[in-house]
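A.B. asks: The lines below spell out each chain.
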Amino acid sequence: MAASKVSKKLHSMAIDFLSNRRNANNIADIIALLESNESNIQPCFLALEVIFVEVLKRREMYQEQTTTAMVAADAESQYKAWLRECYEDVWGKLLAVISNSLKISAQAQAFSTAMKLIAMEGQNPLEPLKKEEHYFPSHRLRALLMVLLSSGRNSAPLLARLQEFSSYPDVLSNVWKQLFPIAIGLQRSGQRPDENFIRNFLDLIDKFPLPKPGRGERGEDHDLTDNLLCGQQGHNGYILNMDHMRKAVNKVWGCVMHWNHTPATQRMLLVVLLERVLPFLDKPLLLTDYLMDSLDSGGAVSLLALQGIFTLIQNHNLEYPNIFSKLYSMFEPEIFHTKFKARLFYLSDMFLSSSHLPENIVAAFAKRLARLSLVAPPEDIHIILMFIGNLILRHPGLKLLIDNPNRENVPEDPFVMEERDPSKSRAMESSLWELYSLQSHVLPGVGTAANFIYNPLPSVEWDLSQILEENSDDIFEREMKKKLKEIALTFDRPQTLSLPQHERVSQFWQLV
Amino acid sequence: MGKTKKGPKKGTSDARKRTEPQKTLNPFEVHVNRQKFQVLGRKLKTDRGLPGVARAKALKKRKATLLQEYKLKDKTNKFLDRRIGERNSAMTVEDRMTARFTAERMRAQSKKEMFNLADDEVLTHRGQTLNEIEKFDDPRSDDDDDDAFNPLRSKGHLDAEFVKDAHFGGGLLSRANEDGSKSRKDLIEQLITESKRRKAEQQKAREQTLDLTEKLDTEWKDLLPVINAAPKAADVERPKPDSFDMLMRQLKFEATGKPTDKLKSEDQIAKEEKEKLEELEAARLRRMQGISDQPAEVVPTHRSADDLDDKYVFNCSAECEEKMEHENDAGDSDQDDEGPDSDEDEEGDDDNEGDDEENDNGNEEDNDGESGDESESSDDDIDDLKYDSSDEESAFVPNGKKMSDAGEEDNSNTGKTSTKKTMTKREEESTNTHKKEQKSNVDKTLAIREDLKKRKELMEAARKELPYTFEVPDSYEELQKVMAGRSPEYQGVIVERMVKCTHPSLNKDNKEKLGHLFALLMQHLHDAAAADENENVCWSVLDRLVASLFDIAHWCPEKSAECIRQVLKEKQQEYQKKRKCFPGVDTLIFLKLISLLFPTSDFRHPVVTPALVFMGQILSRCRVESRQDVAKGLLLVSLFLEYTALSKRFSPESINFLRNILYLSTNLPSTQKVVTGAKLPAIRPIPPVKIFPSPCLSLHPTDRKKKSTRNNEPSDRLHASDLIGIEPVDDMFCVNSVYVSLRILSSMASQLTSLPACRPIFSHITPLLKTLLEEKWLPSKVTQEIQKLQELLQSINETPLKYLVATPKRPKALRLYEPKIEQVYTDGKQRRPVSREKQETQKLLHRVKREKKGALREIRKDRDFITKIRLKQQLKSDSERRAKVKEIYGDASNLQGEMKKLDRANKRKK
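Protein chains in written order, with UniProt numbering: chain Y, 1 to 512; chain S, 1 to 910.
A hint or two may mislead.
Just the calculated beta-carbon pair ranges, DEER-fashion [unchecked claim]:
| hint | chain 1 | residue 1 | chain 2 | residue 2 | range |
| --- | --- | --- | --- | --- | --- |
| 1 | Y | T262 | S | S721 | 40 to 48 Å |
| 2 | S | Q289 | Y | M292 | 47 to 55 Å |
| 3 | S | D509 | Y | S459 | 51 to 59 Å |
| 4 | S | Q790 | Y | E332 | 21 to 29 Å |
| 5 | S | E570 | Y | G92 | 53 to 61 Å |
| 6 | Y | T262 | S | Q576 | 28 to 36 Å |
| 7 | Y | E412 | S | P808 | 24 to 32 Å |
Treat the hints as calculated values from the structure; they're not laboratory data.
As the structure is a computational prediction, the values presented were derived from the model and not from experiment.
For every residue, glycine included, the Cβ atom is placed at its ideal position computed from N, Cα and C.
Please take these sequences and the hints and turn them into a complete structure.
C.D. replies: Right, dumping it as structure tokens:
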């Protein structure tokens, strides 16, 4: 009740202020209240928003002379100056709240107030404009962005709010314009951006739409007057220059690349790069070195880097001879427990889709995957089995791996698992004993899937995309859905916890 | 003459109908389709027909239907049937009649007839009033009796003599010669009087018989009570059957001895048991290989020309079998050994059981004497029906140990112990338990025996204390009321008695009740496992309940399986919420229960397979962060081992987990510094245990206690209390867990020796073992275990690998030079092997085609008929018009003629 009373009171104060200049001190009261009590932040901001939106609309802070030579002491201009001071003060408060407040609701309120004020200020500039040009209070936006990015924590919810404004072309272009000075400013001042900052920055880039490639390619300009955040009356012909935006993106990206990245941010950077930025870069080939470096760092980062290189090879004529050994070295048991497993299988399926690859390389892949299947969880064994099946389909020479009647017995597997170079792993001399062993996997699904080496191979490849995203819960569900007509039971009546025959648990456990 | 003109009697008309001559076919009307070839035995429907008759019939039908329609075409007038209820199909004919009758009566009630006094209409039937008929007098017809004795006259025929005299001139000539006095007129008069007299006589006779019958009837009625009374009196007089008679009758009607199963000797019973077990085992093996009950071998449909009739079929199944056989040879020839041995063992078992049973029965009889309750006697009955009578002796002893124990004790009993010894040997071989352990086992088993004795006493006490009958509770609360505060032994007895009292053979609803009880017991188990944080009652609860659960599961397998599946599903969903944490004992206990109730070796089983998936999920996902996690993981791994003990299948998850345990017990985690994933060391754990950041749990004892751990002998078995609580890892636990995981590993390795990929499966273990051997803290027992495992792995490494060979393709059949012979039947039907559905569709299609043809023909004929009628009408109207025109012309010309005549006459006048 108290809160609603306060907000009512504040609202009436705001109305009083607007109705009569005698109540001018209301504004000072509100600001004081804002400072005094944490809980009153939201209603205070609302009241201030009401006041300043109206003030801006009435242009009460509008100053003709920008030169301070005329320090006319008349009451009107003094009042205006005082209002300006108050306005700046409020802005400072808003930014402080956004960066420091613990309450998300307060932050959100401050943010929306700030955006509204920006819009009003853009429509009603505080100072006379030079020409008939579009005015955008970019210094305010820059301050806001700076606060958002360097708040020292993950400000994803506020960035999501900002993303809502990205449908205004002027906001979009101004954000991109402002990002570069922020980035370069940090670099110049010698500061090292911390992890949170980078995370927020990348998040922002990820969330903010880039110029659409269809239009952006030709750098066409668009007249988008009707859909502006700060569209002034009387001014028309706001032009969104795609070329400028592309340039801004390129510049920003150039800065981001040179920061110091932790593995987590590097992964994020690569994801953003691959999924958003790469098509807009002017010279993507310049990324090659960077990708190469990340390729060696192992794990998910190298996988993402590999994807980048693949894109470069595919679209930008990059030549990279060693790519297969890099891909080969990526198949380690740890890969099954990363988020990017599906991506790896998808990518390697693409890489190995060519039927002109040397057989021994492909065989090495098949053999290595088979080895991995011995430690993999069942859902991955499914993928691996189909993958190997597809490899054999594409390269009929690999049939030797599952059907080699001419060889004598060998004392041990000729395949060298530790070898980094696929062509030297002697996989063609080996045989896929692993698949044979998988036929006696505990799960019947895996066992039957591994049976393919005994059946004639199909004429069409297996479709990997359906099972790439499968997880073990799906397998559980599927097994639960299967219902046999008859339910078999044991025929030895147990008298105790231990089985009458083939008891194992009680050899290792004393449970009773 | 008049006599002959008798109206047709009722009988005659019937006779005429009956004797209506079968229309003989006019041979000129019959059309015969001549056949070109005559086939014996073939019947054709279409070989002869009556085209004229058929056409006439069709025409008639058309006239009745099509013509009527044609006449009514384009006419809107309608004939309305206003009869009451004629359109209403719900009314029967009688209803309609009564409705109409009432309507008529209503109409009759109008004013006009209000004063009509004689409104009582007399209803008649055949001229008689209904009242009269209702008297049920014999409505005799006048001509039914005499038929019998005078057939000739019966129907008013004249007799032969009269005919001879009177007809055809009546032999006038002869009479004239004989006697001329009698004229013809006299003769006829005489005839008439004669016949009248005869008629009168007949009438009289009839009346007499009528009177007589009536008289007889009345007399009979008078007699009736006398007749009826007589037998009753006789009944009273009948002498009572004496005891001898009764006995005799009884003996006479008593069923002679039914053929029963002959009494079997113990040997035979044992043999039968054995055979049954073997059969069940064979079924299990089939399921293990994933073969359904249908015959797997498909009889080859094709035989090539150079088939040698030796039943040799070159196909994949044979090949597979060969391969399997080969592997069995290549492996440690475990299974081959097992075959004959196991039979012997089972025999040994049976013998034992037989002995025990005898003892038990004795005991129970004693009990009966004491209690002498009705309920007890019913219990006794059930005992016989029970799946396997309870023998407490073997109940408490874990199998293997009991056997070895028996072996030690009964040395004097040579016959039995020999088999038992082989059994123990085999057990050891298969599980790789060692001689050293055996010694300690003996000590332990003695201790356990003591323990068991105590327990048995406790059970006896429980048996005596508890009431003998228990109702199956309806709700979980009721069950809790019964079970609350009881020790596991008591709970076991309670449930056992519940099950006995609701044996399915006692009442048909009992099965349902038992199914419900199963669900309640699941809940009980769950709560027992979830509630105890400090004590491990749940396992002993399961221990006691398992026998009853087994019985229930055998009586209602579907319901219990469904129940456990539900539990599994619930547990899995619970686990999904916290993927990285090991689930509690309340989940593990069910996984153990599954292995007790369901055959875990099946290729696919509706309960076991989901459980395996779930277990794999837990092992491959959960983080190992505490002592309890290690213990739970090890329990799961040993469960995996138990599940796959028979099927010898392989689960990567359990081996990965053991690898991680071994890794954590080395000092590698503390020494290896790995910062990024770029270059991984050769020896490393597999996720979920991560190398970077280094794992938070270590099973490696801290430095200063090295010596103390060295001197500690590891215990063989982990304890259930390791699964719960929050105790941290201590040194003893480190040693124990390493020891147990090593032993599990070695039994897994010996299970999987037959797999060609056994080497890569265990390849990560070897370096770990090497580093473990270098460690100083391990007791000698553990190091020995390590060495043994190393040897085993080494031996696996030495077996040569055979290259995979695909199943060779079936050789293509040579071209055959002999003709293809097909069986041909003479009934003209094609006997091609087509499926039933196809046959059906073919038949239907044929029928549709025929029907279509027929319909088209009918339509054509209809059209012809209509055109003919139109033409006829046209002709008729034309001729009419012509006649009219002619008439008019005629009239006109007449008129003209008369006009001319008149003119001419006028002219003439002038």
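A.B. asks: So which of the earlier hints does this model not fit?
C.D. replies: Hints that this structure does not satisfy do not exist here, as all of them hold.
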